[in-house]
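Student: What follows is the residue order along each chain.
There are 2 protein chains.
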Amino acid sequence: VIYVITPTYARLVQKAELVRLSQTLMHVKNLHWIVVEDSPVKTQLVSELLAQSNLRFTHLHTETPKEHKRKETDPNWLKPRGVEQRNLALQWLRENRELSNEGVVYFADDDNTYSLRLFDEIRSTKRVSVWPVGLVGGLRFERPLVEGGKVMGFYTAWKPNRPFPVDMAGFAVALQLLLANREARFDLLAERGYLESSLLQSLASIEELEPKADNCTKVLVWHTRTEKPKMKQEELLQKQGLGSDPSIEV
Amino acid sequence: VIYVITPTYARLVQKAELVRLSQTLMHVKNLHWIVVEDSPVKTQLVSELLAQSNLRFTHLHTETPKEHKRKETDPNWLKPRGVEQRNLALQWLRENRELSNEGVVYFADDDNTYSLRLFDEIRSTKRVSVWPVGLVGGLRFERPLVEGGKVMGFYTAWKPNRPFPVDMAGFAVALQLLLANREARFDLLAERGYLESSLLQSLASIEELEPKADNCTKVLVWHTRTEKPKMKQEELLQKQGLGSDPSIEV
Ligand SMILES: O=c1ccn([C@@H]2O[C@H](COP(=O)(O)OP(=O)(O)O)[C@@H](O)[C@H]2O)c(=O)[nH]1
Ligand SMILES: O=c1ccn([C@@H]2O[C@H](COP(=O)(O)OP(=O)(O)O)[C@@H](O)[C@H]2O)c(=O)[nH]1
Ligand SMILES: [Mn+2]
Ligand SMILES: [Mn+2]
Numbered sequence: 001v002i003y004v005i006t007p008t009y010a011r012l013v014q015k016a017e018l019v020r021l022s023q024t025l026m027h028v029k030n031l032h033w034i035v036v037e038d039s040p041v042k043t044q045l046v047s048e049l050l051a052q053s054n055l056r057f058t059h060l061h062t063e064t065p066k067e068h069k070r071k072e073t074d075p076n077w078l079k080p081r082g083v084e085q086r087n088l089a090l091q092w093l094r095e096n097r098e099l100s101n102e103g104v105v106y107f108a109d110d111d112n113t114y115s116l117r118l119f120d121e122i123r124s125t126k127r128v129s130v131w132p133v134g135l136v137g138g139l140r141f142e143r144p145l146v147e148g149g150k151v152m153g154f155y156t157a158w159k160p161n162r163p164f165p166v167d168m169a170g171f172a173v174a175l176q177l178l179l180a181n182r183e184a185r186f187d188l189l190a191e192r193g194y195l196e197s198s199l200l201q202s203l204a205s206i207e208e209l210e211p212k213a214d215n216c217t218k219v220l221v222w223h224t225r226t227e228k229p230k231m232k233q234e235e236l237l238q239k240q241g242l243g244s245d246p247s248i249e250v
Numbered sequence: 001v002i003y004v005i006t007p008t009y010a011r012l013v014q015k016a017e018l019v020r021l022s023q024t025l026m027h028v029k030n031l032h033w034i035v036v037e038d039s040p041v042k043t044q045l046v047s048e049l050l051a052q053s054n055l056r057f058t059h060l061h062t063e064t065p066k067e068h069k070r071k072e073t074d075p076n077w078l079k080p081r082g083v084e085q086r087n088l089a090l091q092w093l094r095e096n097r098e099l100s101n102e103g104v105v106y107f108a109d110d111d112n113t114y115s116l117r118l119f120d121e122i123r124s125t126k127r128v129s130v131w132p133v134g135l136v137g138g139l140r141f142e143r144p145l146v147e148g149g150k151v152m153g154f155y156t157a158w159k160p161n162r163p164f165p166v167d168m169a170g171f172a173v174a175l176q177l178l179l180a181n182r183e184a185r186f187d188l189l190a191e192r193g194y195l196e197s198s199l200l201q202s203l204a205s206i207e208e209l210e211p212k213a214d215n216c217t218k219v220l221v222w223h224t225r226t227e228k229p230k231m232k233q234e235e236l237l238q239k240q241g242l243g244s245d246p247s248i249e250v
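Going down the list, the protein sequences come from chains A and R.
Residue numbers for the first sequence follow my numbering, beginning at 1 and rising by one.
Residue numbers for the second sequence follow my numbering, beginning at 1 and rising by one.
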């Protein structure tokens with residue numbers, strides 16, 4: 001089973017993002033989608049979307065503590081996002097799965113783009129596997145550098161001295177390894193860029209990483225970001241009490 | 001058969017967009033994808049993506065004439081995009097299909113988000129069908145207003161006096177209607193916002209429009225737009241001759 005962990009939060013494009021991600025996941029056999037809302041309650045929007053998707057899923061929620069939440073005006077890198085949500089999913093796995101259950105865990109943000117071929121690569125993860133991620137870190141791609149089947153370093157330009165200069169979308173972890181290391185989790189206070197390292201440091205060394213995607217030469221996932229839609233007309237109409245029908249879900 | 005016509009052009013996110021769109025279309029039965037590259041040749045990237053998709057497809061190309069092409073620095077609404085590409089697809093249908101062939105034609109840009117339920121709605125189009133589009137025109141959604149099963153007007157804020165104030169993603173046309181009206185096409189010189197009208201005016205009147213999606217009360221397609229990825233590190237490295245390996249496709 002591939003456990004796909006997706007943190008998500010309410011915004012104008014949320015449903016669109018979850019619709020296209022769910023349509024990708026629907027192609028993947030033996031998949032279990034753990035969706036964790038950054039919200040004080042499970043919303044109707046996400047609940048119905050999951051129910052209608054025909055996917056095997058678990059629906060959780062936990063609100064990011066106020067003091068860690070990014071404000072509209074903060075630059076988008078100021079605070080880590082989705083951290084407590086991913087940790088809650090890890091906790092759920094530890095409470096609901098046993099060492100005898102086989103599986104691989106992948107952290108899939110709701111706005112990235114995933115090729116179906118990625119899931120074939122993920123499936124054979126023994127401990128921790130890694131591969132390239134497109135359109136990230138100010139580069140066309142970041143990737144592990146492989147020699148003789150072993151990861152020898154990383155092609156990355158931004159803070160290259162991080163312990164694991166790997167994007168969230170660029171690795172998967174065996175379920176058993178997470179169950180055996182019950183303290184491994186993401187650090188909410190990790191410095192920018194160090195979130196992935198905060199988990200991976202307790203799980204593997206660089207030499208142990210398993211390179212996927214033809215020795216890390218193929219890009220099968222893209223760190224796409226969706227524009228925030230402009231709502232100029234909506235705001236003008238709302239001032240006149242003529243905003244769009246709020247009962248129509250978008 | 002639903003003929004989905006997608007204009008597309010080379011840019012950093014092109015492959016990502018086409019990957020996730022193809023993964024949506026792969027769920028739809030009896031679909032034929034007509035992909036038209038805005039390019040002087042068919043590119044290897046698009047050719048391979050189509051070949052690997054298992055979709056029924058036709059791959060065409062035509063470059064937008066220089067004088068109509070948008071420059072990097074132009075605002076994104078200055079020139080219509082994908083116009084000659086959509087017209088070439090119409091020409092292909094007229095040359096390769098006959099009045100006895102049943103089908104519906106839908107214009108699906110590569111960056112929008114489509115719910116699978118949309119294709120169920122499209123399939124029953126008799127002449128011209130319409131439905132809401134999310135996140136467009138500065139509003140949460142634009143939509144046709146329906147009374148007694150008939151379109152009586154439109155909820156839209158931007159240039160509401162357009163003959164058909166409908167986004168490209170918000171209508172479908174029966175193949176037979178396009179074959180019977182061989183002159184109907186998009187006008188490359190149409191004023192901003194009038195592109196859809198330039199085709200629809202020769203095909204239907206407002207009263208004839210067939211409302212879909214529960215009398216146009218459900219949003220099943222979203223006019224999402226993808227951020228242009230920042231390439232700051234890539235540009236710095238390229239200046240030192242250390243840019244990312246160009247043989248790795250992104
Ligand atoms: O306040 C927030 C912001 C983001 N996210 C989720 O965390 C993940 C990463 O966020 P984002 O894509 O905005 O980060 P970036 O693209 O900048 O890495 C996504 O799945 C978001 O839906 C969240 O749960 N709460
Ligand atoms: O020079 C261009 C620009 C755009 N397009 C295609 O035309 C459609 C509409 O373009 P875009 O999504 O940029 O328009 P907008 O979102 O602003 O309506 C998309 O399928 C693009 O891939 C194209 O073929 N050539
Ligand atoms: Mn993201
Ligand atoms: Mn678009």
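Hints listed in this document are in silico derivations from the structure and should not be mistaken for laboratory results.
A quick note: this is a predicted structure, and the numbers were derived from the prediction, not measured.
Quick reminder that beta carbons are idealized off the backbone N, C-alpha and C, glycines included.
Errors might be hidden in some of the hints.
Quick list of in silico lysine-lysine cross-link-like pairs, BS3-like style, CA-CA up to 25 Å [claimed, not checked]:
1. R/Lys79 / A/Lys228
2. A/Lys228 / R/Lys66
3. A/Lys228 / R/Lys230
4. R/Lys228 / A/Lys79
5. A/Lys218 / R/Lys42
6. A/Lys150 / A/Lys126
7. A/Lys79 / R/Lys232
8. R/Lys79 / A/Lys218
9. A/Lys230 / R/Lys159
10. A/Lys159 / R/Lys79
11. R/Lys218 / A/Lys218
12. R/Lys239 / R/Lys218
13. A/Lys239 / R/Lys159
14. R/Lys159 / A/Lys79
15. A/Lys218 / A/Lys159
16. A/Lys232 / R/Lys79
17. A/Lys42 / R/Lys218
18. R/Lys218 / A/Lys230
19. R/Lys29 / A/Lys159
20. A/Lys218 / R/Lys232
Covered by chain R, per the in silico footprint, the following chain A stretches (three or more residues, Cβ under 8 Å) [as the list claims (entries may be wrong)]:
21. 33-44
22. 86-98
23. 146-154
24. 171-182
Student: Next, verify each hint and record whether it holds.
Tutor: Hints and how they fare:
1. Among the hinted pairs, R/Lys79 with A/Lys228 is consistent with the structure: their alpha-carbon atoms are about 22 Å apart, no more than 25 Å.
2. Only pairs whose Cα atoms come within 25 Å are accepted, and A/Lys228 paired with R/Lys66 is rejected, the gap being roughly 30 Å.
3. A hinted pair counts as satisfied when its Cα atoms are at most 25 Å apart, and A/Lys228 with R/Lys230 qualifies at roughly 16 Å.
4. A threshold of 25 Å between alpha carbons decides the hint, and for R/Lys228 with A/Lys79 the separation of about 22 Å falls inside it, so the pair holds.
5. Using a Cα cut-off of 25 Å, the hinted pair A/Lys218 and R/Lys42 holds, with the two alpha carbons roughly 22 Å apart.
6. At roughly 14 Å between alpha-carbon atoms, A/Lys150 and A/Lys126 fall within 25 Å of each other, so this suggested pair holds.
7. Of the supplied pair hints, the one linking A/Lys79 and R/Lys232 holds, its CA atoms being roughly 21 Å apart against a limit of 25 Å.
8. Our distance criterion of 25 Å between C-alpha atoms is broken by R/Lys79 and A/Lys218, whose separation comes to about 35 Å.
9. Among the hinted pairs, A/Lys230 with R/Lys159 is consistent with the structure: their alpha-carbon atoms are about 16 Å apart, no more than 25 Å.
10. Distance check on the hinted pair: A/Lys159 and R/Lys79 sit about 40 Å apart at the alpha-carbon level, beyond 25 Å; violated.
11. Distance hint between R/Lys218 and A/Lys218 is unfulfilled; the C-alpha atoms sit about 39 Å from each other, more than 25 Å.
12. Using a Cα cut-off of 25 Å, the hinted pair R/Lys239 and R/Lys218 is violated, with the two alpha carbons roughly 50 Å apart.
13. Restraint check for A/Lys239 and R/Lys159: satisfied, since their Cα atoms lie roughly 19 Å apart, inside the 25 Å limit.
14. The straight-line distance between the Cα atoms of R/Lys159 and A/Lys79 is roughly 40 Å, outside the 25 Å bound, and the hint therefore fails.
15. Among the hinted pairs, A/Lys218 with A/Lys159 is consistent with the structure: their alpha-carbon atoms are about 23 Å apart, no more than 25 Å.
16. A hinted pair counts as satisfied when its Cα atoms are at most 25 Å apart, and A/Lys232 with R/Lys79 qualifies at roughly 21 Å.
17. The hinted pair formed by A/Lys42 and R/Lys218 meets the criterion: a straight-line CA distance of about 22 Å does not exceed 25 Å.
18. A distance of roughly 21 Å separates the Cα atoms of R/Lys218 and A/Lys230; the hinted pair therefore holds under the 25 Å criterion.
19. Restraint check for R/Lys29 and A/Lys159: not satisfied, since their Cα atoms lie roughly 47 Å apart, outside the 25 Å limit.
20. Our distance criterion of 25 Å between C-alpha atoms is met by A/Lys218 and R/Lys232, whose separation comes to about 22 Å.
21. Interface restraint, the segment 33-44 of chain A with chain R: violated (0 residues with C-beta to C-beta distance below 8 Å; minimum three).
22. With 0 residues bearing a CB less than 8 Å from a CB of chain R, the segment 86-98 of chain A misses the requirement of three and the coverage assertion fails.
23. With a threshold of 8 Å between beta carbons, the proposed coverage of the segment 146-154 of chain A by chain R is violated, since 0 of its residues qualify and at least three are required.
24. Judged by the Cβ-Cβ criterion of 8 Å, the segment 171-182 of chain A is not covered by chain R as claimed, because only 0 of its residues qualify and three are needed.
In this structure, the hints that do not hold are numbers 2, 8, 10, 11, 12, 14, 19, 21, 22, 23 and 24, in rising order.
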